[in-house]
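Respectively, the protein sequence lines represent chains A and B.
With positions in the first sequence counted from 1, the corresponding number in our numbering is that position plus 879.
With positions in the second sequence counted from 1, the corresponding number in our numbering is that position plus 484.
Calculated directly from the structure, the hints in this document are not laboratory data.
The beta carbon of each residue, even a glycine, is placed where N, CA and C say it ideally should be.
Hints are supplied without guarantee of correctness; some may be wrong.
Said to hold, decoys possible - Among chain B residues calculated to face chain A with C-beta under 7 Å, some are:
| hint | residue |
| --- | --- |
| 1 | Ser570 |
| 2 | Gln575 |
| 3 | Pro630 |
| 4 | Thr633 |
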Amino acid sequence: MSDLTLDAVDRSGAIAEAFDELTGGTRADFFRKAVIGGAALTAALETPAAAQPRNTAKDVAILQFDLGLEYLQAAMYSEAERLGEVSPKTLEWSRVVGANERGHVEAIRGLLGRDAVKSPSFNFRGVTEDDRVFTETAVAFEDLTAALLKTQAVQVDSRRVLTALASLHSVEARHAAWIRHIAGIVPAADAFDQPTSKARVVKLVDSTNFVTSAPRTRGRRQPGYTG
Amino acid sequence: MSSLGENSRDLTRGQLLVRGVVGTGALAAGGILVAGLPKLAVSRPSREQDDRVLEWLLQVEYLQEAFYTDADRRGALDGELREFASLVAEQERAHVAELEEALGANKSSKRPDFDFGDATTNRDEFIPAAVELEEIAVSAFNGKVPNLTKPRVLTAMKIVSVEARHVGWARDLAGRNPAPQPADSPATQDQTEAAMKNTGFME
């Protein structure tokens, strides 16, 4: 079922088409780095945070991945709001949802404490100025984030983290329904929302080429791309 | 962001809309997540507890199922509202069936009687009632998820996600902010029960 979410959204192939236009390589490897190397990296570099319950290594990896995804969403929607080029309804969505995603960033950073990674750099390559492409990309991100959080809810060790993810999860589903409604797609297409894998989300993020640098690796930033 | 109890009562009254959400988003999320947790009666998951929780969530679903099925059957709504009621009715029936199947022979609760008055025929009553019922469901599920065993966590998440879509859709139809908070507060069983009674639909 893991492929259904995006396929259901992308009935016209519009997202795939947009992504084809936008995709040029696979520089967007922040997420894999964040998961594989993030904990060790930040543990070494960050100063110790205030005392809080220790997260297991698995929970840290899950939260770091989510943090990367929330950074991306927060940055994308905030940019759309700032540029003001999308339709009034989509602009209102960007304003509210951008603020919510910034709230998610803070919440997950709080859960991670000193294991929180910094935001990578993004280039949204015109998507935040194009109403149609922005809306469809937002549908894909919101549907997939809600689907991913279901998978993670089963995986996490800590019920403290589970409680937190559940309370973010339903907000992502609200966002998804709202942007679908704006896009003229059925907001609740099925009686049950299926989970999806991290790999599926990584694939989506890679395909957008939105991530231009991993956090803390400024020296490796791609020089002079023509976005 | 004082306590979970206050948040949840506000939530079930549908008053979250009036809050200045955008500026306080980050703080609200942290506040709910950190302050909210200890208030929940989180106890060690077990098969027996799963059944108790699913019985309870089934009560929440019965209310929704009956509400939308009544609206759909009476057929007084029009336009997108009619479409909404019809589709959501079908989905709530599927949720009831899923929970009943999960409980199997252990199911002990009955389907209660409801009286919806004009709320299933008059659009001005229907929309706010739909928003209220969906908010109740989302907060009820979110409050119970941490008490479930892993397989049932997934059962609940697959349902609550759709309830959250319903509330987003209903709020947009009502001209209200579909996602007024960065985090959805979990509700305790007592809070959910009070909110359900407060609808006036329970016989």
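Quick rundown of the hints versus the structure:
no. : hint   : result
1   : Ser570 : 12 Å, violated
2   : Gln575 : 4 Å, holds
3   : Pro630 : 4 Å, holds
4   : Thr633 : 10 Å, violated
Hint compliance for this structure: hints 1 and 4 are broken, all remaining hints hold.
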